[in-house]
Each structure stands twice: as C-alpha cells, then as structure tokens.
Amino acid sequence: MSKDLSEVIGRVLPAPENHLSAEKLEEARKARRSFMGKALAMGAGVATTATAATRAMAAEGEDVILKLPEHTVGLGQPVAMEGYGKPSKWEANLQRRESPGLTRVSQASVSFTPLQGLFGIITPSGLHFERHHQGWWDIDPSKHRLMINGLVKRERVFTMDDLMRLPSVSRIHFIECGANSAPEWGNVALPSVQYTHGMVSCSEFTGVLLSTLLEMCGVDKKKGKYVLAEGADGSSMTRTIDMERAMDDCIVAWAMNGEMLRPENGYPLRLVVPGIQGVSWVKYLRRIEVGDQKYATKDEAVHYIDHMPDGTHRQYTGIQECKSVITTPSGSQTLLDKGFYNITGLAWSGRGAIKRVDVSVDGGRNWRTARMEGPVLPKALTRFNIDWVWDGKPAILQSRAIDSTGYVQPKINQLRAVRGTKSVYHQNAIQSWKVSENGEVSNVQVF
Amino acid sequence: MKSLFKISTPAAVVTLALALLGSSAAVAQTKPWHNIGRDATPAEVKAWDIDVRPDFKGLPAGAGSVAKGEEVWEAKCASCHGSFGESNEVFTPIVGGTTKADIERGRVKNLEEGGSFPQKTTLMKVATLSTIWDYINRAMPWNAPKTLTTDEVYGVTAYILSLAEIVPADFTLSDKNIAEVQKRMPNRNGMVFYEPLWKANGKGDVKNVACMKDCPVESTIRSFLPDFARDAHGNIAEQNRIIGPVRGADTSKPAPKGPVGSSALPAPVVVAVAPAAGGSDPKVLLNANSCTACHGMKNKVVGPGFNEIAAKHKGRADAEAYLVDKIKNGGSGVYGAVPMPAQPQLKDAEAKAIAQWIAAGAK
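Going down the list, the sequences are from chains F and U.
Counting from 512, one number per residue, gives the positions in the first sequence under the numbering used here.
Counting from 46, one number per residue, gives the positions in the second sequence under the numbering used here.
Extracted from the complex, chain U is given alone in its bound form (with noise of 0.2 Å):
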C-alpha cells in the first residue's frame, strides 16, 4: 500500500486503487488510515527500548562490581537512600529484613504472621532481579533519571544486593551472572498471580449479600478518629463550599457539645488561593524542586537547615556566588559525610534566587 501515496496523479492512484479492490481481499480489508504514521529506525527503537523483563530479555551486556556500586551509591543515591539502604528520611526503605533462611527458601519470614521487621523494604517484596536493574535504569537517580551508565546500573545493583548479602562484597555483577543471582533473590516464590483480579470477566475473592432487613450487624463502633487527629488535615471548614445543605465541621475548634443547632455556626471564610508554582520565589522553588525533603526552614532532616547554611556563610563576601555552585553542582564534607546531590533541573535564575535568599538569612 506504501507505494499507492507516491503515485501523484490522482487519476492514477483510481485505477490503481481500484484494479487492487478487484484483485487483493487483504488490501480492500485495510482501512483508509492505516498508513497514517511513519516506520520507526532501528536506532529509535534502541534508544526508547529500555524495558528489561524477568527473563532478563532487554538487558544490555555489561558488568558492574560491588565496589565501583559502592562509589556511585555515595555520590547519587545515599543522599536519599541512606548510606547502606536503610533510609527512612526520604525514600521508604531498600534494604532490610531480609535472612539468609530467606536466601534459602526464597519466601520473607518477616512477610508471614509474627514477622518482625518493622517495614515492607524492597528487597523483603521484589521477586524478580531484572525489576531492580530496570527501575535503577529507567529512572534513577531520582532528579537525573537514565543519566548512570549501563555499567554504574549493574554496580549499584551489586551493591544493593551485598548489603543484603545476597551477593559477597566483592562480586561483580554482569549479563552473564545476573540469572544464577536471580535464583539467590530471597522473596522469589513469593508472589503468586491471581487471575480474577486481572481479568475483566474474573470473579472478586470476597463476597457480601445485599441484606435489607434486619441484617446482622454489631453494634460497636470498633474504629473512629481519634481527637486529636481532628485537624491533622487542617481546619476541614474551609476545605467546604460556604452553601449548601451541609459546611464542614470548624476542626481547629473541639466538636461542639449540645445538640444540633445549638451553638452558633461560624462564619462562612473562604481561604485565599495559594500562590501558584513558578517564577522566582525562592520557597516556592524550595518546595517546587523538594530542596525541602532534605534541609528544613529551621532543622536538619537530611542535610542541614537552610538557617545553619545562612549562620555559616554569614559576612562572606562570595556567598551568593559559592551558594549557586553548592546548588547546582553539590558536595560534600561540610556538614557531614552524606552528599548533597547536584541539582541539574534547576535554571541559574532559579539557582540565584535561592542563593540569594540563604545569603539573606533564608527568612
């Protein structure tokens, strides 16, 4: 059909297109669009084909060891991941949780009754290997995803393993291996696929009767919120129209006390909109780029507080100019051993308004 759309006179392309009506059922079955869109090269499909599968079908060859993982951890992941995976400041959990019983068997203990561990870590659910390389692959580092070499990919997944100690501390990982490493992952028989809930014609695992009358029902409340969680969300009023048949509840205030209708209402207050993202306002850039996941106004979380930043370089002379490239280029050693990642998304605009801020006192 291709070559129909280079014939240029449409005198031509009637008889064509009709001597093919006569001759050929396949070509009269083709829709008139289906030649809409355009083949893709081989080198498009190489540079947007990255998913590697279970089977490990995807993987490009290469080979990275525990050690040259180790490196780039330090410099691109422990910031958020914790030093040996064990984060809980920004990122849930990679590493923990896991035996060498486990190893053996191939299910997590600590997912079974009783289990002990605290929180569900990665390594304690993935089944599969090829999902940790291609997620690493696809879209880590977390503010410069696809950015690691295939090599620092099989590294880091080395690394993550040892601490684990699914891998010893000096394996390399690579192609060739990764499949036997597979067999070692410790929660490998422990999914299980269950085809009612991903078929759209399945039938649902739990089942209700649609009682009218009388139904057995317990006469205890076994759950409600607490008081004072009443305004962990914020004051609900004013997340309610000012109208209606109903207002949201003034959760800044405890619950009134008499029956209804006998304390006065408060008065309708529709909050102001909040200032839209963009443009140079250096909290809102904060917030816009999670500088705010690791420094607090006034606390450390993970790095330091953007108060300590403004202590430290207060009177220097340069300390816009030394800020911008602490920004956007990182660092370490300053306030500890945890690096601070270099921040690449950020524009040198967005970059001096926040260093401005900070010379100023970050107020």
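Chain F extracted, bound-state conformation (with noise of 0.2 Å):
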C-alpha cells in the first residue's frame, strides 16, 4: 500500500502490558496492522483508530477505558503524605548514573543527568549532574560564612543572613563540566546521550551578584585584575575569575530552581559564573580574593587544560563554546515504528544566546532550520524541535547550533584539526545518532 508517511501516527504506539505474552504480543501486533491499513484506506480518523488498534482488545474497545481503574473508582492519598514531593514511582529509570570506568573513587567523581528523559530547559534539582572531587557535605548553614580579602578597602565576611538580606537576582543559566563529552575526542565510546552529555544541567539560580559584594568592600578596580574564589569542603576547590567577568554577571547563589541549592551542588553557596566550564562555579563558597595575578590552582594547572598537537597545554581555556545535541531520538533508544517523530535537543553557548539551530537527517548533507520550543536565553540551554517522518530506512541525525556571535558548532574533525586528539576538555563537536532498520539509535561518528 503507497501511503503518506506523515499520515501514519505509528508514534502513538504503546508499549505492550505487562501481562501480555510473546505470542499474543505478536498478535497485537498484527492485528493492528491490518486494521491501521485498512483505517488509512478508508481515511478514518487516524489518530484514534491507530491508537486503539495498538491493544489487543475486544471489539468493543480497550480494557483501560471499559473497565474502570482502581484509581477512578477508590480513594487517593491523603495531603502532605510526602512533606517534600517525589518524582512518580513510573519514572524511576531517571536517575542520574556514574559510567563505569571513568573514575576509580566515588567521592572524585561524576554523575550524568538523564538528558534523554528530560523536557524543556530546566533541569529537575533531583537529576542535577554532580562533579565532586573530595566527596560532598551537607554544611550547617548557620555556620556557613563567606569571606572576601585581597586587594579591597574593608575585608569582610559574610553570614549567610547578611547575603540573603542583600539585593537578589534569578537568572537561567547552563553549567556544564569542562569533561563533557570528553571521551569522545578520538572515537565512540558511549552509549546514550546521559553518558556522552549528561555534564550539563540548567537551573533558575537566585543569589547576590558578586559585583555588588565586591563593591561593598571597597573592591581595588585598578590593581585588582582576578578573583580566586575557594570553597569550604575538603578539596577547597579553587579557580580564578577575571574582573571583567566577576563584575559582569556573576552570581553568589544560594537557590537553585526554588528552593536553597541541594547538599550536591553546593549548598547552602555556590558561586555561578555564566558561560564558563563548571570547575570554577565553587561549591560551598567560602572565599573570594581579590589578586593581581593568576593562580595557577591545581585545576588550572594539572587539569582543566587543553593538550594541544605540539605538546603544549592551553591555561584558562574556560568558555563552553556552543553546543547543541539530540535528545529525542538519541543513542540507545529505539524506535517503536516508522513514521512521524518531533525530533528534539537541546543547544547552548557560553558566549551568548543561541540564535539558530539546523538539523539534519542524512548524516550532514542537508540541513533544516529547527523550531526554537520555549524561551531563548543567554547562557541557558534553549530547547528546540523540529518535524521528521522516519521512512524506516538507516538515517543519521545531527543537530548543529549557532549563537548570538555567529559561531557555528563545529563537527569533530574540524575541532580535530585544530586542537589534535590528546585534549580532554571542551569537546563542542556536532553529534550523530545513526537509526538502524531495526529502529535502535546508536552512537556513530561521521563527518
């Protein structure tokens, strides 16, 4: 039968219950291709009949609908059962995951944001990618204080009641580890879009700008070039920020999405430097200094830094450039059917607001411009879709962003070319996802 793809609704295609067996799975299957052939034939009304043909089930309709649910015939749950919601028990595949391998010791490592499940721009506080390097803390926040020395008139410190009392501001913002995607400089080696993106997340963050409190203590413009800023943990996290930047748009955050910042990403303060690689957005904030030179901290100097093909390290390399990725469909997903799909991602750049994404289904030869499906925000990610209907032949999609500098995200032998194969950090390349036949989605590199 010669149809039009687009008209098939093979997406709204359920999962199978629970109950089912193979073989009466299999006669579902059937039978609802007969029946969807014949629907389109006759031009039904596609949607509904597709959907309800996908269920083996009486000819009188679905059970689902039929007989009555516990849920529509009993009683709920009482309020405030959970004081603090949770997430539905249906959606406990989202979590956030080490990859195995990547590092030796749980307390110096990372966990992945489910990016594949997620919707939107926010990223849940829950499903916040974590990057520890000496294990967390959940601190006292009353004994917290925040410090500032260096080059400034009046050093001083600050309780966390002095900051909350202070001016405020609620930005959206990325963070994104200087480490994502790293693994993949040289070939393939992951499987799903948690592993080879998941350190990313983005999150309303609300705090005092750390202009204003430098300011406050009588901040040293001409001599004071640098910040460092240190946390309270173990590692004492160190990074150094230029002036321009931390009189620019820094926050001195205590809230994420809400509420105060979870234990994870820093309560009760982190530091937020928008654009730039999460290393330097210190958790558990304890310190600013104000300096007149750089300080080459262990994670500027050992770390953080870009190998290049001469054997020489870039220092200071901080700027997430723009990014975008594929989320749905993405690696280790399947396809249920040909047919129509919203495809959709996410992009992102350090250096600004994302003026375009294209997508393209054929490996890169062809693009189209993708819709822009919520708010398009400077430093934030900015979700967009775009409509595509699978043939059921092997395609590759690739997304690839450009921002508000006109900077195209670049494929990975360009980066290649330029930066060699050693680097770790700061891999910003287009990704591909192939779709096989037998609608897997898989990892592939092509260029």
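Here are the simulated distance ranges between beta carbons:
1) U:Q390 - F:E755: 33 to 41 Å
2) U:S307 - F:E755: 53 to 61 Å
3) U:D326 - F:G594: 17 to 25 Å
4) U:Y380 - F:E755: 54 to 62 Å
Derived DSSO-like pairs (lysine-lysine); straight-line CA-CA distance at most 30 Å:
5) U:K248 - F:K733
6) U:K357 - U:K343
7) U:K102 - F:K734
8) U:K244 - F:K664
From chain F, some residues computed to sit far from chain U (all C-beta separations above 10 Å):
9) A569
10) G572
11) P580
12) L638
13) V680
14) M771
15) L888
16) D898
It is worth saying that the hints were derived from the structure and are not from the lab.
Glycine included, C-beta positions come from ideal geometry on N, C-alpha and C.
Assemble the dimeric complex from its two separately framed chains, guided by the hints.
Shown next as structure tokens:
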C-alpha cells in the first residue's frame, strides 16, 4: 500500500502490557497492522483508530477504558503524605548515574544527568549532574561564612543571614563540566546521551551579584585584575576568574529552581559563573580573594587544560563554546515504528544566546532549521524541535547550533584539525546518532 | 558611615543622614546595604587565606627534607599514590614520563607527537611548583585534608620532586630555595595562555560554516560503539521512560535483526530505586567512605579483599574490637608493606558496623 508516511501515527504505539506473552504481543501487532491499513485506506480518523488498534482488545474497545481502573473507583492518598514530594514511581528509570570505569573513587567522580528523558530547559534539581572532587557535604548554613579579602578597602565576612538580605537576582543559566563529551575526542565510547552529554544542567539560580559584594568591600579596580573563588569543603576548590567577568554576571547563589541549593550542588552557597565550565562554579563558597595575578590552582594547572598537538597545554580556557545535541531520539533508544517524530534537543553557548539550530537527518548533507520550543536566553539551555517522518531506512541525525556571535558548532574533524586528539576538555562537536532499520539508535562519528 | 548605626534615636539618624546627603557626594552614592556584613579579623583572614600563587605569594616560611617527606608519604600518601608516586590503582600517577633533558629545556618531550609514555602524569603537565605545594596543603591527605604541618608539606613536595630527579635525594625544600627549584620544573615552558577562550568576547579557534544543502560529507561512518560495549553502561531500557515516542533499547540482549516493528517489544521495566546512603548498612558505608577503592569484596586491590580479612580473623574472640581499631587508626604489615591510612571521618558506630560485618564473614 502506498501512503504518505506523515499520516501514519505510528508514534502513538504504546508499549505492550506487562501481562502479555510474546505470542499474544505478536498477535496484537498483526491485528494492529491490518486494522491500521484498512483505517488508512478508508481515510478514517487515523489518530484514534491507530491508537486503539495497538492493543489486544475486544471489539467494543480497550480494557483500560471499558473497565474502570482502581484510581477511578477508589479513594486516593491524603495531602502532605510526602512533606517534600517525589517524582512518580513510574519515573524511577530516570536517575543520575555514574559511567562505569570513568573514575576510580566515587568521591572524586561524576554522575550524569539523564538528558534522554528531560523536557524544556530546566533540569530537575534532583537530576542535576554531580562532580565532586573530594566528596560532598550537607553544611549547617548557620555556620557557613563568606569572606572577601585581598585587594579591597575592607576585608569582610558575611553570614548567610547577611547575604540573603542583599538585593538579589534570579537568572536561568546552564552549567557544563569542561570534560562533558570528553571521552569522544578520539572514538565513540559511550552508548547514550546521558553519558555523552549528561554533564550539563540548567537551572534558575538566585543570589546576589558578585559585583554587589565586591563594591561593598571597596574592590581595587585598578590593581585587582582577578578574583580567586575558594570552597569550604575538603578539596577547597580554587579557581581564577577575571575581574571583568566577576563584575559582570557572576552570582553568589544560595538558591536553585526556587529552593535552596541541593547539598550535592553546594548548599548553602555556590558561585555561578555563566558561560564558564562548571569547575569554576565553586561549591560551598567560603572565600573570594581579589588579586593582581592568576593563581594556577591545581584545576587550572594540571586538569582542565587543553593538550595541543605541539605538546603545549592551553591554560585558562574556561569558555563553554556553542554546542547542541538531539536528545530524542538519541543513542541506545529504540524507535517503535516508522512515521512521524518530533525530533527534540538542547543547544547552548557560553558566549551568549542561541541564534539558530539546524538539524540534518542524512548525516550532514542537507539541513533544515529547527523551531525554538521555549525561551531563548543567554548562556542557558535552549530547547529546539523539528518534524521528521522516518521511512524505516537507515538515517543519521545531527544538530548544529549557531550562537549570537555567529559561531557555528564544529564537526569533530574540524575540532581535531586544530586541537588534535590528546585533549580531554571542551569537546563541543556535532553529535551524530544513527537510526538503524531495526529502530535502534546508536552513537556514531561521521563528518 | 559605620558610626551612623551606633546612634540610637531615629531623629538623630535622620538629621545626621540629611546632613551627610547635603555635604558628601561619596556618601550619597553609598548603597543602603553597604554595611551589611562585618570586617574580617586578621586571625580569620590568616586562617582561611591559604592560597599560594605562582610567584609564591602566600607561601608560609618552612622547610622539609626529602627524607622527612618520604616518611610522611609512606604513612599517608602511598596507599593511594604508590610508594614512588607511580600508582595507577586509585589515582592517576604523579611521577613518571619526565627526563633530565626535559628539566633542561622546560618542555616535556612525552607530551609531543610520538611521545611514548602511556599516561600524562602530574609532573609531565604541571608548570608551576606553587600548584603542587598549594594543592597538597589544601586538599591532602585525601580523607583528612589540611592536617599536614607546613614542614610536612615542604617535605612531601620535596619527596615527589626527588622521585623525578628534579631535586637530589638529600635535598631540603624551603621557602628560601623554592623559586630556584621552580626553574627546574620539567614542563615550566609548556603552558600557553590562549586569551580567546578565556575572555567572554573572544573568538573561537575552530571554524565551521552553516552549509544547508548538498554539503560536503564523507559517506563512511568513522567510529561506532562496538558490540561488546553494548551493555557496558547497563541495560539502557532501564534508563528510559516507559512511555513516550521511544524506549530505551534492551542492551542486555543483542540488537534485533529484523526491521522496526518485526519483533516483540520488551515489557516495560521500572527499576527499583537504589537504597539511600547513610544508616549503618555496611556495604553502603564501604562505598560512601571509599573503602572499596582499596579493598575488593573478594579480591585484593591495594589492600586485602574483605573476604581475606574475614578469613584471617575467623573465630578470633576480639575480632570486632581489633577490626574497629584497624579501621579507625589504620596500620601496616599484616598484609604487606603498603599501609592502610587512618579513617578519622568514620563515626564509631559506622566503624563498628563494618567490623561486625567483616567479623561475621564479610558476606
């Protein structure tokens, strides 16, 4: 039968019920196919008939409609049973996870955000990726202090009470680890978008601008070229930030997505450095020092440096350049049928807002411009989507973002031509997902 | 402005404030929140301002010999980093891959094309000696950071440098000679400051163009995930939602052979949520305290497997008390020379829970 694939609503095919045997499932499939064929031929209401037809069901309709379920005929749960609500138990598959073998000690490790299952641009706080250098803490906020010292007129100490009295800002920004996508500078190494790109999250952060605090302390704007941010935990993470940026949009933040920061994300205080790699967003922030030289801290002199082909390392390359990835369909997902899909994904840039995202379904030969699904904010995740009708043949899906500076997200071979393959950090190449005839999506490199 | 806040009567405040507004532009610009917070005391600044810069600003006076450093190293560092800083068991190696020629030149040959050393060690990369001193001082040892004395930090730094023959074995490193030693760092000339990736308004170094139609691409797939890695990250079906336009592929099985829709879909699976950390579940404690970084359940890693420890003390009447002591205070010599460091972060109840679990057979 020849038909316009865009009319096939294959995508509403639900998964089979738990109680069906393999034989029953096959029966159901066959029934659906013949039923749908007829429905299409007759030009009937495709959406409803196709949906209904996917179940093993009696002639009069689907059991889940005809037999009223327990939740329709019973009494539900009381209020405040969970003083702090949790996601549905049906959502338990979406967890942040470690990548086996990536790190050796779980206190100096990473857990990845399940981007394959998220919507919009805000990352649920409980699914925000984690990167700890020496374990995380849940610090008593009444005992936490922020000190500002160095090249300032007056060296000051702030309690959380003090900080939370100050004029605040709330801004939505992405945070991405400098090592996100790092294992794939060479070959494909990871099965799904959770592990290839899951060290990026996006939240609304609330706090006081760092510039406000520095002004209060009488920062020496002539001599003070840099600030050092330092954490209160065992690792006492330190990072250098240039004064221009410190006085621009950095936030000393206590809140994330309307609640206080989660302990894993620096409760009660962290630095937000929009557009810069996550390691600079110092957690458990205890001190800001104003100085006249860069500090060459461990994570700016041994790690988070870019190994170039000539054997040198680039130091202080903190910008997270423009990047994007398709999250549905993505690696190790499986399509359930041919037909229409709403391809969706995320784009972001450390230099500004996303101007445009293009999507290719033929491995980069031809491109179409995607829709922006929600808000387009500077230095924030931006959700895009685009129509695709899959004909069942192998396809390679790619997205390519362009930011407000005109920078076009590069291909992996273009990155390698400049930076070689020994680098670890700042891999922002176009991601390719191959869709096979069996419906499975896999991680590939093409350029 | 500070004195303003000491005046108690509102009328006086208003009068004074008005007078100030009229008389001083500087004060008029001061924000109403200007005096929130308080001055730091010199002792407070000293307690927290511990950073050491590449020009050694912030470095406290002191000294430590290689021999002194080796002593500290064996007790507190070797269990993770190896006796010669070569460890690859727990952390990537600190020492290795540098040569005398590198020390002369200030560039590490092994970082260039054709380099033969399999790892990038700390000493191959780091250009600034201050970085090593500062990091050991602020973050080491791993489970008890900031507990080394200043002289111990000098000693440990000297010991590491001696392993790479940057300083001789009889050297004593101090604030007086550290700048001289800096001139021997093997990769001191190996760092480049690349401003465009530091400045917000810089330009990227890699260029792509937004071609839209018939763009030049290769037709070959250059790299893909090999079949044997299909389940290396677990069953992806259990890492995806059970509804929606797609499912996770069942990576516990080979990929389906036929076209889409030709084989039965797997039944939807919702995984049980992992038990929360905390409490006194010994296996949770082992993981949360990184015991498993050095001890396997049934195999030696750095230290003995838990099954070995259980077997050794089987039937011993005071096994629990003995093990609590070993867990809390560390020790060496029972299973070889590599010492087990003390675990001061463990609460008594936690150490006891682990000891009981081992004494009961570590199952």
